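Could you slot chain B onto chain A? The hints should help.
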Amino acid sequence: MTPRRVLVTGVSNPLGAEVARRLAPNVEYLFGCDIADPISALEEMDFVHADTRLSVIGKLIRQLHIDTVVHLAVLVDSPHDDRTIHETDVIGTMNVLVGCAGPSSSVRRLIVKSSQAIYGAGPRDPSFFAEDMANFDKPASGVTRDLLEMEQLVSEFALRSERCDVTALRLGLRVTEGTTLARYLSLPVVPVFAGFDPRLQLLHEEDAVEVIVRATLGRHPGVFNVAGDGVLLVSQAIAIMGGSPAPILPPYGMWFSRLGLRMFAGVGLPAYLADILAYGSVMDCSRAVSEFGWRPAYSSRQAMDALAAGKQVEAVEAPSPPQEYELQVYLQQRRRRERQLAAPKN
Amino acid sequence: MIAETTRERRRNSQEAEIVAPPRQGFRVPKPIRRLQRNAPMYAIQGINELNARLRGLAGRDVIDLGRLMEVFQFVYQQRELAKRGANYVVDDFGFDAQFTESFLIAFKALYRDYWRVETTGVEHVPATGRALLVANHAGVLPWDGTMIKTAVFAEHPRPRHVRALVASQFMGMPVMSWFLRRTGQAVGHPDDTRRLLERDELVLVFPEGTRGTGKGFRQRYRLRRFGRGGFVATAIRAGAPIIPVSVVGSEEIYPMVGDLRPVARLLGLPYFPVTPFWPWLGPLGMIPLPSKWRIQFHPPVSVADLPPNAAEDQHLVMALADEVRDTIQRGIYDNLKLRRGVFL
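Protein sequences, first through last, are from chains A and B.
No gaps in the numbering here: position 222 of the first sequence is 222 in our numbering, and each next residue is one more.
No gaps in the numbering here: position 207 of the second sequence is 207 in our numbering, and each next residue is one more.
Only chain A is shown next, with the shape it has when bound in the complex (with noise of 0.2 Å):
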């Protein structure tokens, strides 16, 4: 099957934006929401206000007959908060499940983002994650716990829906402008858990759109892992930024390390990215690489370098001018109504 109408939710982020603007010349009808407006113009899609958290999202499928949802509105490392994370993340792919689920249902393709940290990191964790160590019954909080509740969902509807091909990619951290890991590493004296110097393993923003594209237009169900190839160390990180670490967090009672990051350095580290930070977390690659025959282009170095030279290119184009998107709405509805005009008469 090759994907016609596609639906990409949390089409309104930097990652969605470009996902979007590389399908949109691969397949027919493109579908794009968001609670947010776009961030760039993109003329080839149609473009809905609609919130996941609703149940709208579901009517929203069936009415417009997507056959593949691509799923991206999971926030992993965002500024809401924990209520949103949760709402957004576990109620949100609740709702698109229930409108890809039952007999009726026109969706063969879905692609869940997921993250590493799935995962969490622990020092009793083994050195490397397979896809089958997501340890759904170990007490987790915060986002880890609900993404666990989250690809639980998906597994159940995995198994539940046969004809339905799902898809879900655990993405390696990424350090674009603005994550929270960046901007923790580009601090001038970067506070570090005294006496632990763990492994990184980052994915560049461009191996992340490249995946999911691939995962949209070719038929790759089951669980991956996804980053670049290599680790690198966190004081190695933090040189290749031009900072010097400061051994300075207490390595006992991370909740009080975290509040005075968020207080003195502005950075809010969300508990799992703490976890990492102390104890590393690396995944295995390998199943996702021979099921795309595929690997990253950039290597876990590369993305750390290529942050430190200005040049993690925004993976979107720079934003619109002004009144673009109003403008590109204007356009699309009239050649909606010319169509409508013209199919009368045929």
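Hints listed in this document are in silico derivations from the structure and should not be mistaken for laboratory results.
Just so you know, these numbers come straight off a predicted model, no measurement behind them.
One thing to keep in mind: the hints can contain errors.
[What the hints assert, rightly or not] Simulated DEER-style distance windows between Cβ atoms: (1) B:L336 to A:E291: 50 to 60 Å; (2) B:P270 to A:Q152: 27 to 37 Å; (3) A:P188 to B:R53: 47 to 57 Å; (4) B:H161 to A:M263: 41 to 51 Å; (5) A:M263 to B:V263: 47 to 57 Å; (6) B:R225 to A:P188: 47 to 57 Å; (7) B:G258 to A:D229: 43 to 53 Å; (8) A:F264 to B:P283: 42 to 52 Å; (9) A:P188 to B:R33: 29 to 39 Å.
[Stated by the list, open to error] The calculated SDA-like cross-link candidates involving lysine to any residue, where the alpha carbons are at most 20 Å apart (straight line), are: (10) A:K138 to B:N335; (11) B:K83 to A:S244; (12) B:K292 to B:R340; (13) B:K292 to B:S168; (14) B:K83 to B:R182; (15) B:K83 to A:A239; (16) A:K59 to A:P123; (17) B:K83 to A:I240; (18) B:K83 to B:F72; (19) B:K83 to A:S235; (20) B:K83 to B:R33; (21) B:K83 to A:G243; (22) A:K59 to A:R5; (23) A:K138 to B:K83.
Beta carbons are placed, not taken as given, at the ideal position from N, Cα and C, and that holds for glycine.
Relative to chain A, chain B alone:
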């Protein structure tokens, strides 16, 4: 390739563009800088002459030049490490070979001069390919692992890095986790063992774990239970030969006479040792005693001719584990007999 003449080289170097920007601020004058650069050479020459004089006077070597060169090497390597900045690569486990080698020189001094380790059977360790070293574990701190690593690196005709598996408790400790990972250790998890072996590494495992290091001085040289035989199953699955290793001497470095369990539980440690010196003397109590060590590598136990599903055969796995355990225990008794005294 044609070797370029000095003149050509000089010309080329003049034409080459300057990569590093000229340094700002105060610079010491040129002759002093030259002196700084050549200082190690002058020092070595001076020591050489002094050595020759002293030999003339005393009739024997007073200064050991080999040792001195190692000290120089150590200092030089530390400077090289500091110079490389962020430009180095660690493997996926976080192992940094250059960093480790700089420390191995220091450990070699302990190996040779402090514990006077005698190593036999190092030829049983393969020069290439995977193998699983299985050793007895003793002494409160894992110095035996360090010494096995040093032994293979220093004595083997083709030096190799041994990758030891450590208990996950240590991976949660502040400085420990950093140092262990950086020098090539991995978590004692079957998945890590498999991955290391599949990369054709030399893996060291202590099946006794903290049961071995935390046992009292009375029980010295009596092997504890060998886990649940998991190391054998992993070796069979990976097709790696098992090399039993007996270490003698590690038991006496910290004679543990007691174990303060409540304190250990409070600090999250597997045990809290009490020795004649620790914790009474504070940090001084952590200095290990200079016992005499012997390390014996036994002939490998091949698993190549076993069927691939042998790892599921619990009976066979336990039989092999027992065989390895007996070999190590016998090796310990043999080496104890060969040792003239605890500190000799």
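Is the straight-line distance between the alpha-carbon of K292 of chain B and that of S168 of chain B 20 Å or less? violated (30 Å)
Hinted pair K83 of chain B and S235 of chain A, Cα distance within 20 Å: holds (15 Å)
How does the Cβ-Cβ distance of H161 of chain B and M263 of chain A compare with 41 to 51 Å: does it lie in that range? holds (43 Å)
Outcome of range test on Cβ distance (P270 of chain B, Q152 of chain A; 27 to 37 Å): Given range 27 to 37 Å: holds, Cβ gap about 35 Å.
Just tell me: holds or violated, for the beta carbon distance of P188 of chain A and R33 of chain B against 29 to 39 Å? holds (31 Å)
For L336 of chain B and E291 of chain A, compare the CB-CB distance with the range 50 to 60 Å and indicate the outcome. 55 Å Cβ-Cβ, so the 50 to 60 Å window holds.
Within 20 Å, alpha carbon to alpha carbon, are K83 of chain B and F72 of chain B? OK: K83 of chain B and F72 of chain B at ~16 Å, within 20 Å.
Hint consistency between K138 of chain A and N335 of chain B [alpha-carbon to alpha-carbon, up to 20 Å]: violated (47 Å)
Is the Cα-Cα distance between K59 of chain A and P123 of chain A 20 Å or less? violated (45 Å)
Check whether the Cα positions of K292 of chain B and R340 of chain B lie no farther apart than 20 Å. holds (9 Å)
Does the hinted range 47 to 57 Å hold for P188 of chain A and R53 of chain B at CB? holds (54 Å)
Consistency of beta-carbon spacing, D229 of chain A to G258 of chain B, with hint 43 to 53 Å: holds (50 Å)
Of the numbered hints listed earlier, those contradicted by the structure are 5, 8, 10, 13, 16 and 23.
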